Amino acid sequence: MTATEGSPERKRGKDKKDWEPRIVGFLCKWCSYAGADLAGTSRLQYPPNIRIVRVPCSGRVNPLFVLKCLVNGIDGVLVSGCHIGDCHYSEGNFYARRRFVILKRLLEYLGIDPRRFQMSWISASEGDKWARVVKELVEEIKQAGPNTEFRKGI
Amino acid sequence: MIDRIKKKAEELLRTKQVDLIIGYKRAPDGVSVAPVFIDKAEETKELIWDTYCVYNLSNYLKDFRGRKIGIIAKACDARSIIVLLQENQLKRKDIFIIGVECSGIVDEKKLLSISPQTSELGFDERCRSCKPSKPPIYDVLIVQEGQRPQAPRLEKDPYGSVRKSEAKSISEKFKLWQEEFSRCIRCYACRQICPLCYCPRCVADQTQPSWLSRAHSFRGNFTWNVTRAMHLAGRCIDCGECERACPVGIPLRDINKKIEKDVKELFNYEAGLSAEQKALLSCFDKNDPEDFIR
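Quick mapping for you: the protein sequence lines, in order, are chains F and B. All the letters of the first sequence, read from the start, carry residue numbers 1 to 154 under the numbering used here. All the letters of the second sequence, read from the start, carry residue numbers 1 to 294 under the numbering used here.
Any given hint could turn out to be false.
To be verified - Think about it this way: if two alpha-carbon atoms lie no more than 25 Å apart in a straight line, the pair counts; the simulated DMTMM-like pairs of lysine to aspartate or glutamate are: (1) F:152 x B:179; (2) F:135 x B:291; (3) F:142 x B:172; (4) B:286 x F:91; (5) B:278 x F:86; (6) B:168 x F:140; (7) F:68 x B:254; (8) B:109 x B:125; (9) B:68 x B:42; (10) B:173 x F:108; (11) B:175 x F:108; (12) B:168 x B:157; (13) F:152 x B:205; (14) F:152 x B:180.
Honestly, the hints are just simulated from the structure, not real lab data. All values derive from a computational prediction rather than experimental measurement.
I would like the entire structure built from these sequences, with the hints used as guidance.
Listed below in structure tokens is the structure:
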């Protein structure tokens with residue numbers, strides 16, 4: 001390692017250039033998770049910035065999950081479930097929809113970039129939609145920049 | 001008015017219609033008010049009613065489940081009783097609501113700063129956006145005699161201040177709330193005073209899993225305040241007790257109002273108006289808005 005590489009300026013510049021968003025996705029196991037699986041088995045390319053947490057239903061997702069991610073420095077959170085009417089438990093995504101529209105508006109009111117929390121409906125056959133949504137999401141969050149709001153000492 | 005309240009309370013206890021009356025009494029300082037729990041008919045003399053009766057007494061109802069309780073309730077208190085009934089936390093037959101007509105209560109902090117020369121009465125902010133003077137639910141209503149000074153109303157838009165804050169930029173909003181939340185000392189007074197925060201074990205007290213950072217940090221304060229607000233979404237009836245109890249003066253009512261406004265706009269729902277309607281987040285509509293979902 002040369003001296004220039006180790007200097008703070010160089011490091012900061014490098015960090016900024018090389019920064020890749022970290023995104024957490026809460027995916028319902030019946031639709032969106034299977035959709036993401038299909039994207040994989042179909043060899044569709046999409047950015048590797050998303051870490052997936054499988055949940056039984058989008059209705060299982062507690063607003064606390066989203067908050068916990070955001071305050072711990074995750075740059076974006078995606079909650080994804082079955083299309084309305086397709087829920088394995090009939091109505092889980094209806095409840096999720098109500099809950100998260102309130103959370104999304106509240107977070108925006110409190111000064112959290114609305115791009116950092118998003119939702120999607122992706123069915124098990126929509127591998128292409130999954131790849132597209134992740135691509136768009138990564139693009140948007142790259143524009144929003146790193147989530148530094150909750151870093152210590154700031 | 002107070003005589004009729006006393007008479008009713010005395011009668012309820014004497015005829016054993018209720019085991020206990022929850023009301024207001026004068027605090028030892030001679031000005032402010034303290035809650036009082038009366039189980040003997042002769043002690044009802046202690047009861048008072050004036051504009052200093054700020055507390056939402058419905059907070060105590062959950063401590064006496066299974067007993068017959070008479071409670072003195074203003075319009076806002078009665079609305080929180082409705083939400084408790086809606087959520088099956090109380091049985092209607094167990095409570096006897098002595099509804100009192102209310103023309104607004106005072107803000108004690110405000111009173112200190114008002115000069116005695118002015119005619120302003122120092123009404124609490126919350127009373128300015130409160131519509132009814134009569135409780136929406138009661139077993140007996142004690143009406144006011146004569147004319148009493150009424151808290152000034154916000155005629156135009158009860159959500160004016162929320163709209164103003166909404167129009168700010170994201171970074172401005174963040175800065176503002178960062179400042180507010182950084183003061184939070186996590187005493188949980190907002191939770192303790194809230195009549196609708198009744199979980200036997202609060203998520204903030206859980207350690208496995210530990211959802212909130214327990215350290216003195218902005219992260220933990222932010223998570224706590226958002227969680228508190230989310231848990232009251234579609235339930236808060238804007239009695240304003242959380243903001244009054246907050247020792248560091250975080251404008252909690254502003255957050256509650258924001259959610260109240262969204263809920264009204266999105267779902268045309270208002271909390272605490274009827275015990276028969278279903279709770280907002282435990283029902284849904286096929287046509288709920290979803291323009292934010294991809």
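Results for each hint:
1. F:152 x B:179: Measuring from Cα to Cα gives roughly 15 Å; hence the hint holds.
2. F:135 x B:291: Since the Cα atoms of residue 135 of chain F and residue 291 of chain B sit roughly 20 Å apart, the hinted pair holds (cutoff 25 Å).
3. F:142 x B:172: holds (21 Å)
4. B:286 x F:91: holds (10 Å)
5. B:278 x F:86: Holds, at about 24 Å.
6. B:168 x F:140: Roughly 21 Å between the alpha carbons, so the hint for residue 168 of chain B and residue 140 of chain F holds.
7. F:68 x B:254: Status holds; Cα separation ~23 Å.
8. B:109 x B:125: Given that 25 Å is the threshold and the Cα spacing comes to 11 Å, the pair holds.
9. B:68 x B:42: holds (18 Å)
10. B:173 x F:108: Holds. Residue 173 of chain B to residue 108 of chain F sits at ~8 Å (cutoff 25 Å).
11. B:175 x F:108: holds (13 Å)
12. B:168 x B:157: holds (18 Å)
13. F:152 x B:205: holds (23 Å)
14. F:152 x B:180: Answer holds: residue 152 of chain F to residue 180 of chain B is near 17 Å, not above 25 Å.
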